[in-house]
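Same order as they appear, the protein sequences are chains A and B. Residues 1 to 466 (this note's numbering) are what the first sequence spells out, left to right. Residues 1 to 466 (this note's numbering) are what the second sequence spells out, left to right.
These are calculated hints, taken from the structure and not from any lab test. Small disclaimer: the values here were computed from a predicted structure and weren't measured. One or more of the hints may lead you astray.
Straight-line C-alpha distance at most 30 Å; calculated DSS-like pairs for lysine-lysine [to be verified]:
1) A/Lys345 with B/Lys383
2) B/Lys292 with B/Lys302
3) A/Lys204 with B/Lys302
4) B/Lys345 with A/Lys345
Protein chains: 2
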Amino acid sequence: MNTNRDTSASDCGRREFLKAGAVGVLGVGLGNLALAHSAVAAEPQPQSASPAIRPLKSVRIGLVGVGDMGSCHLQNLLRIDNVEVRAVCDIVEGKVAQAQDMIVKAGKRKPDAYTRGDTDFKRLCERDDIDLVYNATPWEWHVPVCLAAMNSGKHAATEVPAAVTLDECWQLVETAEKTGRHCVMMENCCYDQTELMILNMVRKGLLGELLRGEGGYLHDMRAIKFSRPGDGPWTAEGIWRLPHSVRRNGDLYPTHGLGPVAQCMNINRGNRLVRLTSMGSQSRGLKLFAAKKFGPESAQAKQHYVLSDVVVTLIQTHDGQVIVLNHDTSSPRPYSRNILVQGTKGIVVKYPEEKIHIEGRSGENEWEPLEKYRKEFEHPLWKSLAKRAEGLSQGGMECMDFIEDYRLIQCLLEGTPTDMDVYDAVTLSAVSALSERSIAANSTAVDFPDFTRGRWKNRQPLGIIS
Amino acid sequence: MNTNRDTSASDCGRREFLKAGAVGVLGVGLGNLALAHSAVAAEPQPQSASPAIRPLKSVRIGLVGVGDMGSCHLQNLLRIDNVEVRAVCDIVEGKVAQAQDMIVKAGKRKPDAYTRGDTDFKRLCERDDIDLVYNATPWEWHVPVCLAAMNSGKHAATEVPAAVTLDECWQLVETAEKTGRHCVMMENCCYDQTELMILNMVRKGLLGELLRGEGGYLHDMRAIKFSRPGDGPWTAEGIWRLPHSVRRNGDLYPTHGLGPVAQCMNINRGNRLVRLTSMGSQSRGLKLFAAKKFGPESAQAKQHYVLSDVVVTLIQTHDGQVIVLNHDTSSPRPYSRNILVQGTKGIVVKYPEEKIHIEGRSGENEWEPLEKYRKEFEHPLWKSLAKRAEGLSQGGMECMDFIEDYRLIQCLLEGTPTDMDVYDAVTLSAVSALSERSIAANSTAVDFPDFTRGRWKNRQPLGIIS
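Isolated chain A (complex conformation) (with noise of 0.2 Å):
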């Protein structure tokens, strides 16, 4: 496994390099670093990885990692029509026998197995009967796999976050854009009900002009970054996310926060983010919570730990706004998203309840529940979709996570672009990799790279979708 961390100052500019020089005269000399990666990148004028895509009539489908969100996604796609799932790989053969289970009791055709170790997903992209490669491994394997499904001409799926390092982001997008594949990053939270109805809001400028943003991951993981295959269902987590919590000092999972703010705030359509800048406190939680696991002479109590308990994100855009993110991962702290969006007209918050404050509707200095608006702003989406995910088992997120997968789906079937791309993938996903500079230069200011190389100016806002 590659948890390998790029946070030199080249990768930043590696793009607006590579173009200046393929605007003249290329470089000589200067090549090997930026072209070391990808043929792509000299491209002049790579096209964009929106492509018009044929429709499919059905959505063939190679499963990649079937532990707790790959088995819950497959959950999803048996409900889902025209879908089959031919090909299933994990580095565990149980979990592929469950997966084929549970397909073959969904009254479909048996998937073929593919279970001879780390990189056997490559033997699964190469099949030329399969449309769709749907990525569930952990982090560090999620760019792996996209490349290999987009290099075989599939499209990809991946789940959070899109990639660890910046240099992994170009690559995504260098690929998507050189195949003309998909790569879809599988951001859950964007599909869930309160963050559907506040984008339908804000598209209803029902906040005015957008000011500020906030989101995170506030949950305490200290069980699970400690956990290990057999502890129960959703802990063999702790097996690879633990590490990245050893060696790596910023906000380690931005998108389920960033996310649905940024489709709120048009990124990559219209806007996009400029620069971040990262803070981080000491670092406590899990030592603690190892001495009394495992004792205070255990190697886990002894272990450094460098991610800091608290990491605390101010991102500017373009338009101007603020996002404000939280990651606390190592804290004991009830679960949180801490979803904000605040307009010139309001301002609405999901936790620890959900309330809104509306100028000329809700009664001066009185914060409203939020429910007063469902009726009114519920998401389309959410309307006709939830009742299908009834009878779901996934500990809660049984509609956002169907609802995104019947998305999708239903993006593949009509030849649609998706409703999050490579451009919104990676540039959610570099927020972790940025901000690891950031706090290890003392909370320096750290551009964005434009992933989009400037066609986020032309992209259209994400639609309310029915």
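Starting from the known structure of chain A, arrange chain B on it as the hints suggest.
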């Protein structure tokens, strides 16, 4: 009036430079800039500004500024034993007459009036029968009045913020050190019920080691900023408040949120504020409001207001904590000071509802109402004094303001250090100037001056006063 903004880089290191110079030979030819402000600057070892000051038998007060806050404090002072208000100063004669009436009605001697314009406070400060100059003037007059008071041998108490520029901050420190007088910033929110209780919880270890604090001033001030004298109570502030929104972009009012958090984190008392970074949103609210109130062609609607509608500031402490400050005064929203304190054992928030989660006490993933902890953790000051504020009428701030004034007088009568001294006053106030500097430089991180020049390491944390 002087709202002179000094954000030049030379401020920050000024005292460091002076110290270096004073230890060896005073640098010839370098002295002009550094020594321009104050002769005391060249003293090799200025004494601490928290001297043991002799107890007073009674506190004889000269009150400068009797607008809304000045009248509040006067009400409080009239309820406290061993206080005599000897003189009252304001540029508005009617306000002085009103204050005199209040005092006489309370059965006290009629104080002398000082109403000969902007700088008549100087005559007041020169009287030889007052101990304390209590300063509730507009922001830009805080430092001139405090300096005049201390230079005349009087203690100074000032409304927040104590100073507007970094240069003013240093003037307060140097003058307090030179004269051996108190310079107290009256940050009433440090004495609010919940803030006091949180401090008590922190001191009792309930939250563990602190990791994060949040605070702010989130108050729809649009009507107040555009108010003119005669518009009603609390609204004459517009005349001096609005110009700050025209000219300055930063967190103009940091102390209500930061004060209580800084006390919890022992700032200047074993810990200190190290650096900050600030980010501001668009400026929209004031223009929109003015267009509606005065018409789109009005001077107010055509005015350019540089103050961002939302300013968010991250502050790093020496111990590693992250403090998040919000300033949000030009948008429709319910009032909040966003108080949050989080440690290794739990987290407590004040707005919009008071909630707490403590590991081992609260249920997993559960917010409890803070009320459940009141009996155990109510601060003794609140317990003993809240009843004495009954019947005061100060817009909901009765108790905290009364306790604040009570503590000031108590310290002067007992000859003990005040809860907040000149170092605290300028450290908290300096956030404004530093945040202006950070925003002007695209959220560059900016270091705090160490106003204590190393004394923060050995100063004792504020205890739990009964």
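Hints, verified against the model:
With a CA separation close to 40 Å, the supplied pair A/Lys345 and B/Lys383 exceeds the 30 Å bound. About 12 Å separates the Cα atoms of B/Lys292 and B/Lys302, which keeps this hinted pair within 30 Å; it holds. A threshold of 30 Å between alpha carbons decides the hint, and for A/Lys204 with B/Lys302 the separation of about 28 Å falls inside it, so the pair holds. For the hint pairing B/Lys345 with A/Lys345, the CA-to-CA distance comes to about 38 Å; that exceeds 30 Å, so the pair is violated.
Violation of the numbered hints given earlier is confined to hints 1 and 4; the remaining hints are satisfied by the structure.
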